[in-house]
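Novice: Sequence:
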Amino acid sequence: MSPSRREVREKAMQVLYAYEISQEPIEMLMESIAAEDLGADQDQFRFAQALVYSVLNHRTESDDFIRSKARHWDFDRMATLDRILLRMGIVEFLYFPEIPTKVTINECVEIAKRFSTEKSSRFINGMLDSILSALNQDGKIKKEGRGLINN
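Quick note on my numbering: the sequence shown kicks off at 67 and runs consecutively.
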């Protein structure tokens, strides 16, 4: 059976976490963490790759958004997984036009419930909602496809 998109996002998050902690080459981490479980489904593996590389390529931009909305939080003291999930959410908002923003927020919140701290899901939800509002106000959200409104 093909893995769900949530399972693919979880693998992408695990790759990004391993990279954050170890600084091992990302290609090696993709191969050892994601390819083992997703390799048979090339579409899902490509989605995981696209998500991982987009997060890495847009890390500074994402971190700037996080810092701007985390008024009472020290960025460096945030849980590593929370930072990674926020980066994933921001990248999906901006660079994955086929994924509805509500899906992105829900997926990040559910992954936080499973892998992060007890309060993380509410934190992730609030932060992504705030970032999404700012991106919408700036006209940066462009979602197209069946069931999506082109903003």
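Since the hints were made in silico from the structure, they are not lab data. All C-beta atoms, glycine included, are put in the ideal place defined by N, C-alpha and C. One or more of the hints may lead you astray.
[Unchecked claim] For each label pair, taking beta carbons as the anchor points, the in silico distance ranges come out as:
{"no.": "1", "residue 1": "137", "residue 2": "98", "range": "24 to 30 Å"}
{"no.": "2", "residue 1": "209", "residue 2": "143", "range": "28 to 34 Å"}
{"no.": "3", "residue 1": "122", "residue 2": "180", "range": "30 to 36 Å"}
[Said to hold, decoys possible] Straight-line distance between alpha carbons at most 16 Å, and here's what the computed EDC-like set of lysine to aspartate or glutamate pairs gives:
{"no.": "4", "residue 1": "208", "residue 2": "164"}
{"no.": "5", "residue 1": "168", "residue 2": "195"}
{"no.": "6", "residue 1": "206", "residue 2": "195"}
{"no.": "7", "residue 1": "206", "residue 2": "142"}
{"no.": "8", "residue 1": "168", "residue 2": "210"}
{"no.": "9", "residue 1": "179", "residue 2": "90"}
{"no.": "10", "residue 1": "135", "residue 2": "204"}
{"no.": "11", "residue 1": "135", "residue 2": "195"}
{"no.": "12", "residue 1": "206", "residue 2": "127"}
{"no.": "13", "residue 1": "179", "residue 2": "76"}
{"no.": "14", "residue 1": "209", "residue 2": "164"}
Novice: Starting from residue 179, check that the Cα of residue 90 is at most 16 Å away, please.
Specialist: violated, 27 Å
Novice: Given the hint that residue 208 pairs with residue 164, does the C-alpha gap stay at or below 16 Å?
Specialist: holds, 9 Å
Novice: Does the structure keep residue 209 and residue 164 at a Cα separation of 16 Å or less?
Specialist: Status holds; Cα separation ~6 Å.
Novice: Do the alpha carbons of residue 135 and residue 195 lie within 16 Å of each other, as the hint requires?
Specialist: Distance ~10 Å between residue 135 and residue 195 Cα, so the pair holds.
Novice: Take the C-beta atom of residue 209 and the C-beta atom of residue 143, compute their distance, and say whether it sits inside 28 to 34 Å.
Specialist: holds, 33 Å
Novice: Run the distance test for residue 135 versus residue 204: straight-line Cα separation, threshold 16 Å.
Specialist: holds, 15 Å
Novice: Checking one constraint from the list: CA of residue 206 to CA of residue 195, max 16 Å. Satisfied?
Specialist: With a Cα-Cα distance of about 14 Å, the restraint between residue 206 and residue 195 holds, given a limit of 16 Å.
Novice: Would the pair residue 206 and residue 127 pass a check requiring their Cα atoms to be no farther apart than 16 Å?
Specialist: The hint holds at about 13 Å.
Novice: What's the verdict on residue 168 and residue 210, does the C-alpha distance respect the 16 Å limit or exceed it?
Specialist: Between residue 168 and residue 210 the Cα gap is close to 14 Å, so the pair holds against 16 Å.
Novice: CA of residue 168 to CA of residue 195, is that 16 Å or under?
Specialist: This hinted pair holds, its Cα atoms lying about 9 Å apart.
Novice: Take a quick look at whether residue 206 and residue 142 sit within 16 Å of each other, Cα to Cα.
Specialist: At roughly 26 Å apart (the allowed maximum being 16 Å), residue 142 and residue 206 break the hint.
Novice: With the threshold set at 16 Å, check whether the alpha-carbon distance from residue 179 to residue 76 stays at or below it.
Specialist: Within the cut-off at roughly 12 Å; holds.
In this structure, the earlier hints numbered 1, 3, 7, 9 are contradicted, and the remaining ones agree with it.
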